[in-house]
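The primary structure of each chain is shown beneath.
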Amino acid sequence: MPTNFQNTLTIASRQFRGYFNSPVAYIVVCLVLAILGPLFWEPFFLMGHASVRQMFSFLGPLLAVAAPAMSMGLIAEERRSGTLELLLAMPVRESEVILGKYLASLGLLAVLLATTIFYPLSVAQLGNLDWGPVFTGYLGIFLEGAALLAIGIAASSVTENQLIAFFVSLTIGAALAVLFGWFIPFMPTGAVTDVAQALSFEQHLESMTHGVVDTRDVIYFLSVSSLALMLAFRALESRRWS
Amino acid sequence: MSEVMIEAQGLTKRYGPQRALDNATFNVSRGEIVGFLGPNGAGKSTTMKILTCFIAPTEGTAKVNGCDIWRDPIGVRSAIGYLPESTPLYTEMLVAEYLEFMGQMRGLAGPALHKRIKRVVEETQLESVYAKEIRQLSKGFKQRVGLAQALIHEPPILILDEPLSGLDPNQMTDIRDLIREIGKSRTIIFSTHNLAEIAISCTRAICIANGRVVFDATPAELENRKPLRGYAVRLDDNSGRGKAQSVFGGVYGVSQVSLRDDGSIEVLVSGGQDVRAQLARAAAEAGLTIIELVPLRASVYDIFRELTLDPSAAGEIRARSLASDDEDDDDDDDDDDEDE
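So the sequence lines, in the order shown, correspond to chains Z and P.
In this text, residue positions in the first sequence follow the working numbering: the first is -10, and each later residue adds one.
In this text, residue positions in the second sequence follow the working numbering: the first is 1293, and each later residue adds one.
Calculated from the structure, these hints are not laboratory results.
Do not take every clue at face value.
[As the list claims (entries may be wrong)] Residues from chain P that face chain Z, not an exhaustive set, calculated with beta carbons under 8 Å:
#	residue
1	Phe1318
2	Arg1322
3	Thr1344
4	Ile1347
5	Ala1348
6	Ser1378
Idealized CB from N, CA, C, for every residue including glycine.
Please model the entire structure based on the sequences and the hints provided.
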């Protein structure tokens, strides 16, 4: 699908500003920070060494909830209010609409992650922080968030009800980001467990929080994102034939 | 015939077994202002959505400004300025931001964009609300914002879905004047179920009922099509009205004669027959003098009823769904809620 990137950027910038014109962005960022605080600092002093690995392992599940909230309205709300019809009367392709919306949500994700930089900075004051794993950890968590947002935008494309979009993407996202990771230790070895392990976001995030960037992990997150975006694109396109 | 801007060929849209649009064929030429008429759920919005490539027809095709809706939807959309039904806008944005965004989506940028924004703001008289949030605006101003975005790229074609619904009479007059002004240089299709609009604003009316084009003509032709109901006859002062009533009642073809409060006599005819000569002769024989004879025609509302309810005009679809009449209304829900 050929894409006019200017259209994508125009849509992205409107949507990004739209986030901050509504309470969604503020609520999501504040809630994530409020929950992350106690979760992070309590075990930190018990562990007794300067690392922010804990933060990333908490951010995963938090994003599994935050990302659906950030993405639920992207298409569903436009569909409900009717603005989708006007947006698609512009000389734009469906792919440009999806990509633009997605870019905006990635922007909000970046803002959200940027606000957590306060944790590694504080840790660096307290001890000798190795910044390598911090950067790769941020890369990993950004990729995971990107995959969750792509799932969210796909869910948002199939309904005009934001709540449905939220719960659909929450369910899928939570399974991939959290549940598989929880259950794998209790599952017998075998094909099912292998698949769960291969799909689990936690497993793919693990090595990046240690400072190791494995191409397979990066490719996995990118594949999930592309697949979900493709679904979103198809769902948006399918309105023409229904 | 001048250049054809919109060419719809056998457009059909099925939702399951229901036909929202059934083999609709029509042309619109440059410079025309075409009114789309029809009851709620008749297929007006469906037609417009197909023309803007928001939905695809099940069968048939259309060309807009020379671009095929199947092969070149982007070309089609570029040529059209569109105002969907009930004017969906990003209400959290300022008018200024919104117009800038829509202009950018139309590929405008820099000084050209700002020049166009300035121009449409003048055209639609949005100066006073330019820096306001859209959600604070009255319905009339929202409608203007919708029109402004439709005009921003100077499209040769405008498609407006119910641009006048929900407005108060003053706002309606303003928007109507605006449409007429805009229409001087563009091709416009707008839908309405206000029949009076045809005579006021349109150069042509296309009436859709049950998904079919049942009428496609100029307002003058529509006027001529109004069936003859009878005549209002006025006699001179020496002629007795009571006598006339029985005299005219005896003329062949006359179905009913009644005295009207204004002193004239209403003579109704069956089947639209022209009985003027017979009336004159009968009057002369009875010693009555006719000084005025005015044909009485059915109103545009009667024609509308006739066209949209007549089973032969609406065809088999109607016949098939007679049992469950309201299902025709369901297929286009958004049409329904609005005007009541």
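Hint check results:
1. Phe1318: For Phe1318 of chain P, the interface hint is violated, since the closest Cβ of chain Z sits about 20 Å away, which is over 8 Å.
2. Arg1322: 21 Å, violated
3. Thr1344: Hint holds; Thr1344 of chain P Cβ to chain Z Cβ min 5 Å, cut 8 Å.
4. Ile1347: It holds, given that the least Cβ distance between Ile1347 of chain P and chain Z is near 5 Å, below 8 Å.
5. Ala1348: 4 Å, holds
6. Ser1378: 6 Å, holds
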